[in-house]
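Q: So you can see what is in the structure, the chains are spelled out below.
Protein chains: 2
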Amino acid sequence: MAFFNANYQKLSENYLFATIEQKVQAYKAAHPEKKVISLGIGDVTLPLPKACLDAMHIAVDEMGKAETFRGYGPYEGYEFLRKAIAEGDFRSRGVDIAADEIFVSDGAKSDTGNIGDIFAKENVVAITDPVYPVYLDTNVMAGREVKVIPCREENGFAPVPPEFHADIVYLCSPNNPTGSVLNKKQLEAWVDYAKKNNAVILYDAAYERFITEEGVPHSIFEIKGAKECAIEFRSFSKTAGFTGTRCGYVVIPKELMLTANGEKVSAASLWMRHQSTKYNGTSYIIQRGAAGIYTPEGRGEVEKLIAAYHKNASIIREGLLAAGFSCSGGVNAPYIWMKCPQGLSSWALFDNLLEKASVVGTPGAGFGKMGEGYFRLTSFGSTEDTVEAVERIKKAFA
Amino acid sequence: MAFFNANYQKLSENYLFATIEQKVQAYKAAHPEKKVISLGIGDVTLPLPKACLDAMHIAVDEMGKAETFRGYGPYEGYEFLRKAIAEGDFRSRGVDIAADEIFVSDGAKSDTGNIGDIFAKENVVAITDPVYPVYLDTNVMAGREVKVIPCREENGFAPVPPEFHADIVYLCSPNNPTGSVLNKKQLEAWVDYAKKNNAVILYDAAYERFITEEGVPHSIFEIKGAKECAIEFRSFSKTAGFTGTRCGYVVIPKELMLTANGEKVSAASLWMRHQSTKYNGTSYIIQRGAAGIYTPEGRGEVEKLIAAYHKNASIIREGLLAAGFSCSGGVNAPYIWMKCPQGLSSWALFDNLLEKASVVGTPGAGFGKMGEGYFRLTSFGSTEDTVEAVERIKKAFA
Numbered sequence: 001m002a003f004f005n006a007n008y009q010k011l012s013e014n015y016l017f018a019t020i021e022q023k024v025q026a027y028k029a030a031h032p033e034k035k036v037i038s039l040g041i042g043d044v045t046l047p048l049p050k051a052c053l054d055a056m057h058i059a060v061d062e063m064g065k066a067e068t069f070r071g072y073g074p075y076e077g078y079e080f081l082r083k084a085i086a087e088g089d090f091r092s093r094g095v096d097i098a099a100d101e102i103f104v105s106d107g108a109k110s111d112t113g114n115i116g117d118i119f120a121k122e123n124v125v126a127i128t129d130p131v132y133p134v135y136l137d138t139n140v141m142a143g144r145e146v147k148v149i150p151c152r153e154e155n156g157f158a159p160v161p162p163e164f165h166a167d168i169v170y171l172c173s174p175n176n177p178t179g180s181v182l183n184k185k186q187l188e189a190w191v192d193y194a195k196k197n198n199a200v201i202l203y204d205a206a207y208e209r210f211i212t213e214e215g216v217p218h219s220i221f222e223i224k225g226a227k228e229c230a231i232e233f234r235s236f237s238k239t240a241g242f243t244g245t246r247c248g249y250v251v252i253p254k255e256l257m258l259t260a261n262g263e264k265v266s267a268a269s270l271w272m273r274h275q276s277t278k279y280n281g282t283s284y285i286i287q288r289g290a291a292g293i294y295t296p297e298g299r300g301e302v303e304k305l306i307a308a309y310h311k312n313a314s315i316i317r318e319g320l321l322a323a324g325f326s327c328s329g330g331v332n333a334p335y336i337w338m339k340c341p342q343g344l345s346s347w348a349l350f351d352n353l354l355e356k357a358s359v360v361g362t363p364g365a366g367f368g369k370m371g372e373g374y375f376r377l378t379s380f381g382s383t384e385d386t387v388e389a390v391e392r393i394k395k396a397f398a
Numbered sequence: 399m400a401f402f403n404a405n406y407q408k409l410s411e412n413y414l415f416a417t418i419e420q421k422v423q424a425y426k427a428a429h430p431e432k433k434v435i436s437l438g439i440g441d442v443t444l445p446l447p448k449a450c451l452d453a454m455h456i457a458v459d460e461m462g463k464a465e466t467f468r469g470y471g472p473y474e475g476y477e478f479l480r481k482a483i484a485e486g487d488f489r490s491r492g493v494d495i496a497a498d499e500i501f502v503s504d505g506a507k508s509d510t511g512n513i514g515d516i517f518a519k520e521n522v523v524a525i526t527d528p529v530y531p532v533y534l535d536t537n538v539m540a541g542r543e544v545k546v547i548p549c550r551e552e553n554g555f556a557p558v559p560p561e562f563h564a565d566i567v568y569l570c571s572p573n574n575p576t577g578s579v580l581n582k583k584q585l586e587a588w589v590d591y592a593k594k595n596n597a598v599i600l601y602d603a604a605y606e607r608f609i610t611e612e613g614v615p616h617s618i619f620e621i622k623g624a625k626e627c628a629i630e631f632r633s634f635s636k637t638a639g640f641t642g643t644r645c646g647y648v649v650i651p652k653e654l655m656l657t658a659n660g661e662k663v664s665a666a667s668l669w670m671r672h673q674s675t676k677y678n679g680t681s682y683i684i685q686r687g688a689a690g691i692y693t694p695e696g697r698g699e700v701e702k703l704i705a706a707y708h709k710n711a712s713i714i715r716e717g718l719l720a721a722g723f724s725c726s727g728g729v730n731a732p733y734i735w736m737k738c739p740q741g742l743s744s745w746a747l748f749d750n751l752l753e754k755a756s757v758v759g760t761p762g763a764g765f766g767k768m769g770e771g772y773f774r775l776t777s778f779g780s781t782e783d784t785v786e787a788v789e790r791i792k793k794a795f796a
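Protein chains in written order, with this note's numbering: chain A, 1 to 398; chain B, 399 to 796.
Since the hints were made in silico from the structure, they are not lab data.
One thing to keep in mind: the hints can contain errors.
As the list claims (entries may be wrong) - Coverage of chain A stretches by chain B, computed from C-beta distances (three or more under 8 Å per stretch; other residues unrestricted): (1) 30-44; (2) 102-113; (3) 255-261; (4) 268-282.
What the hints assert, rightly or not - DSSO-like, lysine-lysine: derived pairs with alpha carbons at most 27 Å apart: (5) B:Lys-545 <-> A:Lys-121; (6) B:Lys-519 <-> A:Lys-83; (7) B:Lys-481 <-> A:Lys-28; (8) B:Lys-433 <-> B:Lys-754; (9) B:Lys-519 <-> A:Lys-264; (10) B:Lys-594 <-> A:Lys-65; (11) B:Lys-709 <-> A:Lys-65; (12) A:Lys-147 <-> A:Lys-264; (13) B:Lys-709 <-> A:Lys-10; (14) B:Lys-519 <-> A:Lys-121; (15) B:Lys-545 <-> A:Lys-50; (16) B:Lys-652 <-> A:Lys-23; (17) B:Lys-408 <-> A:Lys-121.
The beta-carbon is built from N, C-alpha and C at its ideal position, and this holds for glycine as well.
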């Protein structure tokens with residue numbers, strides 16, 4: 001008898017955003033006349049930078065001629081993109097990361113989901129609460145023990161290294177869902193923890209481009225010693241609007257070693273083995289598009305995109321605060337973390353806002369127990385929709 | 399201490415094609431004056447159909463305007479593509495597969511690699527020998543027991559259901575690497591085996607489009623009862639030249655149920671859970687390109703591509719046979735399975751042909767013990783290169 005992976009039985013019933021999608025579809029079917037505004041899943045709405053479009057048009061044309069046609073690419077991604085990343089995202093910021101420490105993928109979700117494959121089942125995993133569900137679900141699927149680090153409002157929702165031992169720690173800064181960031185001192189404490197515990201930090205920096213405040217680390221590799229204990233995940237989804245175009249990358253420093261049965265192996269070589277066995281590289285056309293981000297034109301356009309989303313974040317944040325709601329985030333992140341008013345549960349607030357305001361957000365409970373009582377709003381809508389959504393929320397609770 | 403997955407220690411040293419690539423690079427570095435012809439990895443060389451290029455140009459433009467911009471797509475792929483697949487690849491051929499049984503991906507390698515995730519570690523896996531290394535390696539990585547079904551020349555390299563019990567069986571037809579196909583009777587025997595053993599057949603039909611002979615099943619779902627016991631993998635890599643563009647799909651019929659702890663769950667829902675947790679959908683631009691394959695223009699262009707590769711296959715097959723070599727395949731598949739001349743081992747023949755003829759093939763030993771003594775040549779080179787490669791091979795052994 002072919003048995004399925006029984007760990008799937010331990011997963012909560014449905015992936016958070018799939019559940020939301022079902023509820024929204026049901027609402028739309030019942031109320032076809034309503035204009036639903038989604039500040040929910042965190043999907044961007046502004047078009048791709050022209051530099052990316054131009055690069056993809058050229059790449060498509062290359063695919064149409066035998067002389068410039070590209071077949072299988074390198075498993076780790078094309079050098080033109082890895083070099084642009086190393087220079088543009090790290091070296092130009094004084095962080096010593098080389099092109100051969102970068103592995104291009106179809107997105108940070110795939111990477112944060114698949115990275116577990118190179119780790120033993122026996123590792124103890126620590127995640128924060130609230131948390132991006134992928135870290136939890138992929139470890140449940142793998143049958144790993146997962147311990148939880150609660151993040152509390154009084155500490156600005158920043159996770160603090162726990163008393164207990166963990167082998168793998170997931171950190172996300174700027175944080176999804178709370179919009180908080182880890183400062184240098186806080187990150188140093190985590191690197192210390194990793195060293196003491198021989199742990200690996202899986203550092204999700206998908207929202208790095210949204211950092212506006214001085215002194216906030218953009219990469220964990222700004223912290224001394226992090227190259228021996230951390231893997232960093234980046235994405236073009238929120239940077240340049242690649243949610244539907246699909247490209248991201250992971251940084252695995254040469255210094256990072258993992259062990260099994262007394263043998264030490266570089267994490268990068270294990271990941272390369274994983275990718276060469278279960279992946280065939282990211283589409284050439286898409287990698288060319290991503291490289292467009294690093295051209296002078298691309299850089300300028302990305303800045304405009306980020307500025308537009310920051311503006312929306314301010315509209316939500318300032319609008320809600322002015323109306324007497326409590327919220328945080330939205331300064332170094334595209335997410336606003338709103339306290340549910342009137343003691344509502346987060347799913348009750350979800351249903352409430354969908355019914356009364358036709359506004360979709362993400363219930364905090366979907367991110368863990370500590371997320372209960374909170375609600376995530378994203379700045380990725382159009383400015384017009386964002387203004388209207390805030391007005392509707394205010395009205396619903398007037 | 400963060401431990402790595404010790405199953406990786408059980409893998410053979412390197413992924414076959416990565417090893418070949420290293421040898422070829424070393425040869426090219428040492429002999430910059432030589433023109434190396436690769437009939438090795440099975441990478442296509444002809445440009446993409448114009449219908450695909452046109453569709454991707456339009457999709458890129460759509461990504462550049464807010465009104466037509468696409469963010470996150472459905473995890474299972476866009477309906478426009480799934481409907482085109484269901485109609486074009488199945489219903490038009492009398493096979494009852496619906497759009498909601500199709501899951502679009504970035505390629506069959508990812509799918510055949512990742513599908514193991516939904517299965518319990520305890521399943522006994524059967525693979526053929528010779529075999530596409532991904533089936534073996536991904537199961538070794540997962541720590542599963544793998545049993546081997548030898549495929550012998552006297553049986554046309556067709557695998558026969560074994561005496562032993564297996565829960566999961568990988569079949570590949572048209573076969574990589576032998577170029578052989580399973581006929582209807584042979585496939586019926588496999589479906590019978592699966593029913594008797596409550597096993598699941600993982601059917602890799604990535605080379606389906608190369609079938610030329612009448613009566614050879616193009617899909618396992620042409621066999622009665624297969625929908626209760628099989629998953630089928632397809633790819634656009636060899637069909638339409640998508641090796642660097644990346645798109646494929648898997649078919650999981652609604653009827654296929656898997657079990658754990660007495661619970662029965664549809665395999666499709668488990669896969670959907672996997673994809674929604676570890677994947678964010680295939681790039682919209684690429685899915686539009688793939689849909690181009692199913693337009694009347696696209697169909698015509700794909701036929702021309704396949705005809706060109708078939709011509710190359712004939713050149714290799716007929717050329718080798720006329721020169722006294724022994725080989726099979728190349729009629730319903732892009733692969734020619736050559737018997738190593740002069741009792742050479744397959745890696746010796748590889749080194750020999752690289753040194754003497756600057757021709758790259760794939761050593762049969764890379765596909766398993768039973769592949770020793772054989773050598774895989776592919777029809778994916780240009781016709782000019784293919785003609786020259788055959789002449790060089792003849793000359794090397796004259």
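Q: Of all the hints numbered above, which does this structure not satisfy? Sort the numbers upward.
A: The structure breaks hints 6, 10, 13, 15; every other hint is satisfied.
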